[in-house]
Amino acid sequence: MASVLLLTAWPGWSADQKDKPAPAAKAPAPRNFNAKGPKAGGGVPKNNSPRINNPGLPQRLLQMTPEERERALEKLPPAQQEQIRERLAKLDALPQWQKDQMARQARGLDSLPVEKRKIVIQQLTAFNKLPKERIVPMRQELTRLMKMPEDQRNSRLASEEFKKIYSPEEQNILGDLSQNLPMDYLPGK
Amino acid sequence: MDQRVKTDMGASLAALDYDAELMLRVKEGDGASFGVLLDKHRLSVIHFLYRMVQNQAVAEELGQEVFLRVYRSRSTYEPTAKFTTWLFRIATHLALNALRDGKYEKLQDRLDDDSGDMPVRQVSDKRPNIEAHMVYESRLEEVRRAIATLPEKQRAAVLMHKYQEMEYSQIAKVLNCSESAVKSLLFRAYETLRARLAHMA
Amino acid sequence: MNCPLESEENSALLLAYSSGRLDAESAVGVLRHLDTCPACQSFVKSQAAVWESLDAWHAAPVSVDFDRRLYERIERQVSWWARVLRPVRPLLSVQGLPIAAAAGVLIMAGVLLERPTVVLPPPTSQSAQAETLQPDQVQHAVNELEMLNQFNRLMHSDAGDPNAKM
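Chains as they are written, first to last, in our numbering: chain B, 158 to 346; chain F, 38 to 238; chain G, 19 to 184.
Keep in mind that the hints were calculated from the coordinates and are not lab data. Please read all numbers here as calculations on a predicted model, not as lab measurements. One should not assume that every hint holds.
The calculated lysine-lysine pairs, modelled on DSSO-like cross-linking and capped at a C-alpha distance of 30 Å, are [unchecked claim]:
#, chain 1, residue 1, chain 2, residue 2
1, F, Lys64, B, Lys256
2, F, Lys64, B, Lys232
3, B, Lys256, B, Lys304
4, B, Lys286, B, Lys321
5, B, Lys256, B, Lys289
6, B, Lys232, B, Lys289
7, B, Lys289, B, Lys275
8, F, Lys220, B, Lys275
9, G, Lys63, F, Lys220
10, B, Lys320, B, Lys286
11, G, Lys63, F, Lys190
12, B, Lys247, B, Lys289
13, B, Lys304, G, Lys63
One-sided excerpt, in silico: chain F residues whose CB lies under 8 Å from chain G [unchecked claim]:
#, residue
14, Lys64
15, Val95
16, Phe104
17, Val172
18, Glu178
19, Leu223
20, Phe224
The beta-carbon is built from N, C-alpha and C at its ideal position, and this holds for glycine as well.
Work out the full structure, taking the sequences as your base and the hints as a guide.
As structure tokens, then:
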């Protein structure tokens, strides 16, 4: 009786479990599934080397205390440590709202599937390297495109007028970014 | 351009495993991965709930509950299905309960109001004139009413099929029924919607 | 192909076609059928109106404090459990099960009477303290931050020299 009472006195778990959705029809779990590191096989990208992309690391680096950051960097080669410290110091000097925005944006990138993430980063880098005189028109077009509903955006991207104004490379930048960037990549979002 | 960013099978599998992989990291104690999952799925979950219950405040409350349950279940999480299947199963379960409980009975009444609850951001805000705006709002109201008249399971099936672009098999797993049952649900739901909305062509 | 009005299966085919989800080969078959079937033409046309209408139904933005409220709720739950279990833990190790059982009943009563309002510390960056970072990962993360910073500068409407380095 006491045992039964004790068991029923674990309401937190039972409350959680009661509302937990019934598991799907018995399907085998994906093979070689391991959160600690990638393994070959299954749907996990075949990559036996440590992941370069560490989700959440950009924003963690921004938010770490000096002690935490020192601990995080201490295993790096000294020359690299110094270089990273200098670069982080410049980022630290930014206004808090800009740091918050970058943290949100970094999380947005983390939320993309691997292939899309690669393309978006590639195109963000390409955007950053645009000639000075192309920045304003590209910025304006990107903003317009991102605010459009999808079908209107697709029409614009496919239009002859659009293809006349922008080079093929610029078209790719605008298309890939407008279709994949979250809205908080726009100023003021 | 579209081809490069199009989600093909390989990318879909990567996306499937990526979400589940993130959840397994949450299980291991990585809170940042929960943040990533929240960022990725927050909008789609809340928008789904909004279209189910047609009340933004309720949708957000239910959305909170969805992610709370995801977090609470982290220690027993097993990736036996797509992460989004599990996520939307929780969301659908909560939405159906909310509708059946009658807790939000006044939902239907709100359809008759000039509700300030109506979404404020729609298509481009550059509406040429007031008449066009009124036409737009009137169309929107018809759509909302049409969806609201659907029985709950049909409504859930349509919303997942249309806005989440789920396949029948995944909807079936979310609703815990067969694929043929999902086909029936969608057949009847779209039949109703065609009857109510075809004139808007 | 039979007309959709005759079967759900064919209706599913036309639904897939009209939403653009049908594979190319099947779509060709459907298109051929549409040329000769007014009923299916009407189906596709009215279904297109449905898609268009549903497309126009955008949902509102989510409240800016959604995440904060969620993490507060998570915090409340975990802290509640920690507080409740703290006095009970010693009892659980005692051989007197009835004592533990009685405590369990009290806990149960507490749960039934009042929803947990205690807070679980939200996920923090504590994991960074213990993690071993690879040099490439750090490099990549800093590159990413700088890229985002540069992008934001360029996107800001009153950026001075768009190509100025950090």
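Item checked: Hinted pair Lys220/F and Lys275/B, Cα distance within 30 Å -> Not OK: Lys220/F and Lys275/B at ~37 Å, beyond 30 Å, violated.
Item checked: Restraint status (C-alpha distance of Lys286/B to Lys321/B at most 30 Å) -> Satisfied, since the Cα-Cα distance of roughly 21 Å is no more than 30 Å.
Notebook entry, point to check: Does the interface hint hold: is Val95/F within less than 8 Å of chain G, judged Cβ to Cβ?
Noted result: Since the shortest Cβ distance to chain G is 12 Å, the answer is violated.
Note to self: Tell me if the straight-line CA distance from Lys289/B to Lys275/B falls inside 30 Å.
What the structure shows: Between Lys289/B and Lys275/B the Cα gap is close to 25 Å, so the pair holds against 30 Å.
Note to self: Check the hint pairing Lys64/F with Lys256/B against an upper bound of 30 Å on the C-alpha distance.
What the structure shows: 28 Å, holds
Checklist line | Proposed interface contact between Leu223/F and chain G, which counts if any beta carbon pair is under 8 Å | finding: Leu223/F check passes; min Cβ-Cβ to chain G is 7 Å, inside 8 Å.
Notebook entry, point to check: Lys304/B and Lys63/G: Cα distance at most 30 Å?
Noted result: Since the Cα atoms of Lys304/B and Lys63/G sit roughly 28 Å apart, the hinted pair holds (cutoff 30 Å).
Notebook entry, point to check: Within 30 Å, alpha carbon to alpha carbon, are Lys232/B and Lys289/B?
Noted result: Roughly 39 Å between the alpha carbons, so the hint for Lys232/B and Lys289/B is violated.
Next item on the list: Grab the minimum C-beta distance from Val172/F to chain G and call the hint holds if it beats 8 Å, violated otherwise.
Entry: Violated, about 11 Å.
Checklist line | Interface restraint verdict for Phe224/F against chain G (beta-carbon cut-off 8 Å) | finding: 4 Å, holds
Next item on the list: For the hint on Phe104/F, just tell me whether its beta-carbon gets within less than 8 Å of chain G.
Entry: At about 6 Å, which falls below the 8 Å cut-off, the nearest Cβ of chain G leaves the hint on Phe104/F intact, so it holds.
Item checked: Holds or violated: Lys63/G to Lys190/F, with C-alpha atoms at most 30 Å apart -> 25 Å, holds
Of the hints listed earlier, those the structure fails to meet are numbers 6, 8, 14, 15, 17, 18, in rising order.
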